[in-house]
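Participant: Each chain, written out:
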Amino acid sequence: MERIDGYAPIREYALIGDGRTAALIARDGSVDWLCLPNLDSPSVFARMLDAEGGGSFRLEPTIAFQAERRYLEGSNVLETTFATAEGRVRVTDAMTLTESRRLSPMRELVRKVEALAGTVALRWALEPRFGYGRAETRIEHRSGRWFAHAGADALVLGVSAADKGDLHRGAITGELALAPGESAVFSLSAATGEPAVIPGREDAEQRLESTTRFWREWSGRLHYEGAWPEAVTRSALALKLLTFAPSGAIVAAPTTSLPEWIGGGRNWDYRFTWLRDASFTLNGLLRLGYHDEAHAFFWWLMHATRLTQPRLDVLYRLDGSEDTRERLLPELTGYRDSRPVRIGNGARDQVQLDVYGAVMEAIWLYGRAVGRLDGDTGREVGRIADYVTKHWRDKDNGIWEVRDERTHYIQSKGLCWVALDRACALGEIGLIPNRSERWRAEADELKAWVYEHGWDEELQSLVRAPDLREVDASLLLLAVFGYESERIDATIAAVERDLREGPYVYRYRGGDGLAGEEGAFLACSFWLANAYARTGRLDDANALMDELVGLANDVGLYSEEIHPRTGEFLGNFPQALTHLALINAAVRIADVEAERKERAA
Amino acid sequence: MTVSLWGALVGGVIGTIVLTSGLRVAQELGVTRMDIPLLLGTIFTDERDRASAIGYVIHFVNGLLFALAYYGVFRAVGHAGWLFGAVLGVVHAFLAGGILLTALLPVVHPRMGTPWTDAAETPLLEAPGFLLANYGRRTLIWTLVGHVVYGAIVGGFAAGLT
Numbered sequence: 210m211e212r213i214d215g216y217a218p219i220r221e222y223a224l225i226g227d228g229r230t231a232a233l234i235a236r237d238g239s240v241d242w243l244c245l246p247n248l249d250s251p252s253v254f255a256r257m258l259d260a261e262g263g264g265s266f267r268l269e270p271t272i273a274f275q276a277e278r279r280y281l282e283g284s285n286v287l288e289t290t291f292a293t294a295e296g297r298v299r300v301t302d303a304m305t306l307t308e309s310r311r312l313s314p315m316r317e318l319v320r321k322v323e324a325l326a327g328t329v330a331l332r333w334a335l336e337p338r339f340g341y342g343r344a345e346t347r348i349e350h351r352s353g354r355w356f357a358h359a360g361a362d363a364l365v366l367g368v369s370a371a372d373k374g375d376l377h378r379g380a381i382t383g384e385l386a387l388a389p390g391e392s393a394v395f396s397l398s399a400a401t402g403e404p405a406v407i408p409g410r411e412d413a414e415q416r417l418e419s420t421t422r423f424w425r426e427w428s429g430r431l432h433y434e435g436a437w438p439e440a441v442t443r444s445a446l447a448l449k450l451l452t453f454a455p456s457g458a459i460v461a462a463p464t465t466s467l468p469e470w471i472g473g474g475r476n477w478d479y480r481f482t483w484l485r486d487a488s489f490t491l492n493g494l495l496r497l498g499y500h501d502e503a504h505a506f507f508w509w510l511m512h513a514t515r516l517t518q519p520r521l522d523v524l525y526r527l528d529g530s531e532d533t534r535e536r537l538l539p540e541l542t543g544y545r546d547s548r549p550v551r552i553g554n555g556a557r558d559q560v561q562l563d564v565y566g567a568v569m570e571a572i573w574l575y576g577r578a579v580g581r582l583d584g585d586t587g588r589e590v591g592r593i594a595d596y597v598t599k600h601w602r603d604k605d606n607g608i609w610e611v612r613d614e615r616t617h618y619i620q621s622k623g624l625c626w627v628a629l630d631r632a633c634a635l636g637e638i639g640l641i642p643n644r645s646e647r648w649r650a651e652a653d654e655l656k657a658w659v660y661e662h663g664w665d666e667e668l669q670s671l672v673r674a675p676d677l678r679e680v681d682a683s684l685l686l687l688a689v690f691g692y693e694s695e696r697i698d699a700t701i702a703a704v705e706r707d708l709r710e711g712p713y714v715y716r717y718r719g720g721d722g723l724a725g726e727e728g729a730f731l732a733c734s735f736w737l738a739n740a741y742a743r744t745g746r747l748d749d750a751n752a753l754m755d756e757l758v759g760l761a762n763d764v765g766l767y768s769e770e771i772h773p774r775t776g777e778f779l780g781n782f783p784q785a786l787t788h789l790a791l792i793n794a795a796v797r798i799a800d801v802e803a804e805r806k807e808r809a810a
Numbered sequence: 009m010t011v012s013l014w015g016a017l018v019g020g021v022i023g024t025i026v027l028t029s030g031l032r033v034a035q036e037l038g039v040t041r042m043d044i045p046l047l048l049g050t051i052f053t054d055e056r057d058r059a060s061a062i063g064y065v066i067h068f069v070n071g072l073l074f075a076l077a078y079y080g081v082f083r084a085v086g087h088a089g090w091l092f093g094a095v096l097g098v099v100h101a102f103l104a105g106g107i108l109l110t111a112l113l114p115v116v117h118p119r120m121g122t123p124w125t126d127a128a129e130t131p132l133l134e135a136p137g138f139l140l141a142n143y144g145r146r147t148l149i150w151t152l153v154g155h156v157v158y159g160a161i162v163g164g165f166a167a168g169l170t
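Protein chains in written order, with the numbering used here: chain X, 210 to 810; chain R, 9 to 170.
Bear in mind the hints are in silico, worked out from the structure with no lab data behind them.
We treat Cβ as the ideally placed atom computed from N, Cα and C, and that holds for glycine.
Some clues are possibly wrong.
[Stated by the list, open to error] Simulated restraints on C-beta separations:
1) R430/X with T53/R: 21 to 31 Å
2) Y596/X with A111/R: 33 to 43 Å
3) I149/R with D603/X: 25 to 35 Å
Generate the whole structure from the sequences, applying the supplied hints.
Facilitator: Printed below as a string of structure tokens:
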């Protein structure tokens, strides 16, 4: 792997985490991204966004090496093997889970080094840079450990190697050489607002083992009978890392400001939960057999939205608090000079009517699976449906969060129809107050409006908006959600014609009020596969899925976008929406195949 | 000055009704997601309807117990009144919002997340967070006002029903 100006390609990263925060590790053994104590907290390692001053925890051979890596089977524990001319050494990285019966670190990153062959010399360097590199950090060595502090945050590094390291210009550096059979453990314990728990080698190794056991047990519960079990399992494990366990919310990605085009300004903070992902999340969790997680996500969904109901916001913070203000971090240079670096997300203030469809579909999926909704929830859901009847005629910013003038996005209208359709279904089976006659009448009127204003005879497709006469890949979601229309097949064909290049699908070709280019949007490709299956084109669905599964990086992860010519990953990484789209497409194809077999039998 | 036990208890009942109703109104107005009956009831069940019912009973019992505590303070200092009760309400609000709900409840609540909850667990309720901010940034103000009103009612009745 070669770094460009100190930056590793986004494709070269793997994710580890503990359900509260997550770290990205490059193939060369450098932990380049970690926020503490939570996914949406300020970073302590942000080398991805500033190669010089962002902070990192490096561990690599002192001479030239080749690196191979994998996740230990069925786990989120990463194993990197460095091969050099002098031998081979293995590094196992994980963020450990808390042991409930013993005092264990608030957060802990464990790096275990084992010599496999020959004697390999390694160097390591810990450069903590709290508060996105802006906080003044004090580092000292006491009681045999390194302590780094900034305000209420602290890191404690335990090193079980002869060389305990030296402090030099804000970095703790050291070397170690292990003969075959020897091992060393680095344990980085973090605390915020409480005394740090000092890690010991034995305890850290035990936690590493129990963490590996947990992940294997968890992934062993996954139920999927289809053609891509490895990709589905890896996606589920990635989603579990993106789930903020204290609340059940799922972050869109664990990073901020990885660019949608190298050097461009489309750099956003994705460390929030988008309601748009709700239906994919619940469908994925329920279909794969993760009912506890589905239950927790549904509770989060209904509780988090209570402040604004019946209106729904676009995105929510993981802990439910309200501050999502967008700010710039001029101190950070940005990934390969892609500025600005943003924290917070201004999309919160947008109007996106499609979220109502996604949320009502999620409630329908959950209600159907569980068989009941409590009275308060049922009334809240009914009020949301009523709100849709009053507001579907409004202009909005659309699913792509266009920072331009609002307009009548057809995909938003289609998803409003989905919202009303699911409300009718929920009302008719008695899970919510039944006002289905009114909701159905409004849904019919909505659909007639879409026919009148959203269809383009020349393009033979539904269009982005009545004033934006072009094809939009988000319209594939109408097929995915079962929007009943004879014009859906034609729209799928138009997306293939205008937006598809090989396995890649662009969101749209026209403007969006922002300067700069962007890559192909990976979720759209999976939506296309899903839409193929939904409309009976199983061969096309299977062929596209085979191609898409091959686009993942070496450990099975996907970013938001991909450069169609170079295959370079773009945008925040790894992206929950892409992995959710993969899971949903895979289970849809498996369902359609099973239905066909059943019919044939 | 005579302080009435029965007055304090009647004040506790009325004060709890006012406090609970006030927070319910704040929920409906979209000011807060704080739902004390739900938080208390879900200690015992994950069925929302039953949880709310159980939670209301617990909250009323708590309201009476706190009224007794107020009565103890009134007796100790030999004075009761709506203003003194309101001052105690401020202390009560910070005890409830700053310690009981923020620090203690997440630790003892089997269905609530804590800052230490990890991937091995799937809690159903988010924690209130520092000064209850996770439930809406104005939650603390409403909690404070609610408890001040509660305290004033308890103090007023304890002084008045003699």
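Participant: Going through the earlier hints one by one, which of them does the structure break, listed in rising order?
Facilitator: none
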